[in-house]
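Fit chains B and C to the given chain A structure using the hints.
Here are the chains, one letter per residue:
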Amino acid sequence: MKAVREVLGSSLLEGVTVKPNRVNMVVDKGAHRRAIEALKSKFGEVHLFSIVGADLKDRLELTYNLWLYEAKIHVMLKTSLPLDGLEIETITDLIPGSTLYEREVYEMLGVIFKGHPNLKRLFLPEDWPEGLWPLRKNAKLEEVA
Amino acid sequence: MSSIDLVIGPQHPALHEPERFLFKVEGETVIDVEPRIGYVHRGIEKALENRTFVQGVYLAERVCGICNVAHSLCYVQAMEDICEVELPERAKYLRVIAHELNRIHSHILLLGVAGELLGFMTLFMLMWRDREDVMDLIERLTGNRVNSAYNVVGGVRRDIDSKLAEDLRKVMDRLYERMVRYKKVFANDPTVRARTVGVGLLSRAKAVDLCAVGPTTRGSGVKADVRDYLPYAAYEDLDFKLVSYEEGDVWARLMVRVDETLEAIELIKRSLDKMPSGPICIKPPRVIPKGEGFSVVEAPRGDLNYHVYGKGASTPDRVKIRTPTYANIPAVCEMFKGGYIADIPATLVSIDPCFACTDRVAIINVETGERRSLTIEELTRRGK
Amino acid sequence: MGLISWARLKSPWILHFNSGGCNGCDIEVLAVLTPRFDVERFGILLKGSPRHADVIVVTGPITRQVAARLKRIYEQVPDPKFVVAVGTCTLSGGVFQDCYNVLKGVDKVVPVDAYVPGCPPRPDAIIYGIAKLLGKLKGGG
Chain A
1 MKAVREVLGS
11 SLLEGVTVKP
21 NRVNMVVDKG
31 AHRRAIEALK
41 SKFGEVHLFS
51 IVGADLKDRL
61 ELTYNLWLYE
71 AKIHVMLKTS
81 LPLDGLEIET
91 ITDLIPGSTL
101 YEREVYEMLG
111 VIFKGHPNLK
121 RLFLPEDWPE
131 GLWPLRKNAK
141 LEEVA
Chain B
1 MSSIDLVIGP
11 QHPALHEPER
21 FLFKVEGETV
31 IDVEPRIGYV
41 HRGIEKALEN
51 RTFVQGVYLA
61 ERVCGICNVA
71 HSLCYVQAME
81 DICEVELPER
91 AKYLRVIAHE
101 LNRIHSHILL
111 LGVAGELLGF
121 MTLFMLMWRD
131 REDVMDLIER
141 LTGNRVNSAY
151 NVVGGVRRDI
161 DSKLAEDLRK
171 VMDRLYERMV
181 RYKKVFANDP
191 TVRARTVGVG
201 LLSRAKAVDL
211 CAVGPTTRGS
221 GVKADVRDYL
231 PYAAYEDLDF
241 KLVSYEEGDV
251 WARLMVRVDE
261 TLEAIELIKR
271 SLDKMPSGPI
281 CIKPPRVIPK
291 GEGFSVVEAP
301 RGDLNYHVYG
311 KGASTPDRVK
321 IRTPTYANIP
331 AVCEMFKGGY
341 IADIPATLVS
351 IDPCFACTDR
361 VAIINVETGE
371 RRSLTIEELT
381 RRGK
Chain C
1 MGLISWARLK
11 SPWILHFNSG
21 GCNGCDIEVL
31 AVLTPRFDVE
41 RFGILLKGSP
51 RHADVIVVTG
61 PITRQVAARL
71 KRIYEQVPDP
81 KFVVAVGTCT
91 LSGGVFQDCY
101 NVLKGVDKVV
111 PVDAYVPGCP
121 PRPDAIIYGI
131 AKLLGKLKGG
141 G
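Residue numbers (the working numbering), protein chains in the order written: chain A, 1 to 145; chain B, 1 to 384; chain C, 1 to 141.
Isolated chain A (complex conformation) (with noise of 0.2 Å):
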């Protein structure tokens, strides 16, 4: 655990332990690549499980959790994008299995990853109206019913 604090440094901004083998670790929007870049160069194999996005109203909350093999920790990365602001950074070229989960993220929830090389919606059908979310709280399903 303390290990994993070492790594991230100072990008980050908050790390609680959850229970005896997960750690709940918040940085910077900046910051998750080099905290998965620090995470994989010190812990080697790292599991992404899933990226979640939350749409809490007054922010969208980004969680990569991330399985590390041989230190058998799952370490929630949280991050947080402003609403007016919803774009980070692709990590497809640290994990290239993330590829799928960032378009899903994007075809949900309206996040923009800079860099991804595919980014195009995944499951909705050819005729869904653009800019509708569905994931959002305020997305307006009434109109597609």
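Every clue listed holds true.
Heads up, simulated DSBU-like pairs for lysine-lysine below, C-alpha to C-alpha not over 35 Å straight-line:
| # | chain 1 | residue 1 | chain 2 | residue 2 |
| --- | --- | --- | --- | --- |
| 1 | B | LYS241 | A | LYS72 |
| 2 | A | LYS57 | C | LYS104 |
| 3 | C | LYS132 | C | LYS108 |
| 4 | A | LYS120 | C | LYS104 |
| 5 | B | LYS283 | B | LYS170 |
It should be emphasised that the hints constitute simulated quantities derived from the structure, not laboratory data.
Relative to chain A, chains B and C alone:
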């Protein structure tokens, strides 16, 4: 040689769901793949925000009817995570039994379908006949063959009596012997081996990078199984043995499932032996408190995780579901590359997709604009 | 009853179409072909191509993406054709009724001849539904 675009999807004669792949092909070799999914998108994550956590179990388990126990288990565990409930011991063992029965029926289903795809119709029929015995047990334990809402926040809904326990043991013993015979077929039959060995290769490094899960990644030598690294329910006390193979081909992935079925039978018997008496459920809280819960389980296809945000009401604020097949799509696209068109069905079935590929293959010749259709029989016949 | 109706009656060939379901109904449809239930003894065969089918068995709540494809497949099946809707989702959308991507019932897309409710219906219920359809064919000649 110029490349041709080959579209596969979205309808199939066997069970799976519709979805589409676009392959770039040169001659008979696949160069690149683009998946087009979304035919089964039903907006479940949004709908779960409008369901109380009791109603949510009914919806969550219908994300996939085949691994429904895994879904309901993961959902209730995520909520138990927020509420920090202490489960009764007996409930943990009952959950393991339902979970492993679910795994057995799912693996037999897939192995039968794989057999059919490889041309082995008899194997499909025989395995599915044995699967019916498992379905009977599932029905007696949980109340329904499929979609039973067996797991609730705080425990399980139905108990096991001594008659059912006895029958479980008898059927499991019989099934074990059958599975040993099927294992010999998959391991040694020359036709099966010719179609699966060396096909759909996924290296260990790629499996980790692409975050593949379940038998797909364990077939490439990655020793990752949630029941091993983050044990839940009663797995810590059950002497769980992880199954993995090194070869990284379709054969290895099928063999992982065969061995896992054998291990599942053992786990059920061990659970019956060790299960303590006691209550099967505790009274759940009325609301989901503010907070976050995360749960990951080893569904038959790989790790399934739910991330739940509670807001202090009876409905959750946000539910995120990451299913195993979704995690395996980048990996399967990687497996297609460099392989032959004829290997596509076998490769796809080896990740045990919970959506489908196809019957109809339409080949669009980019230059002449000519379209031809092949049935899956023609497709598979061309290989060997 | 003419010869053709008799032939149709004796061996309907099925096309199974999953319109975005959870697979619960689909595995019960597939189980119907396996030795425990064995519908092949009625002459029912599962076919891959719409051109070879007499009966379309539809499962799943109809998602928007799939609706157009289902219509196209329906048109490709040669007359006379019949549609059996299996599972509560095909009748009304089932548990997914309030979901944004789901149409409430397959009869909004194609005409249906037999409905089999259940979530999922047991294989026995599916066989009963098909038997009822055969009975309907018999009556109509």
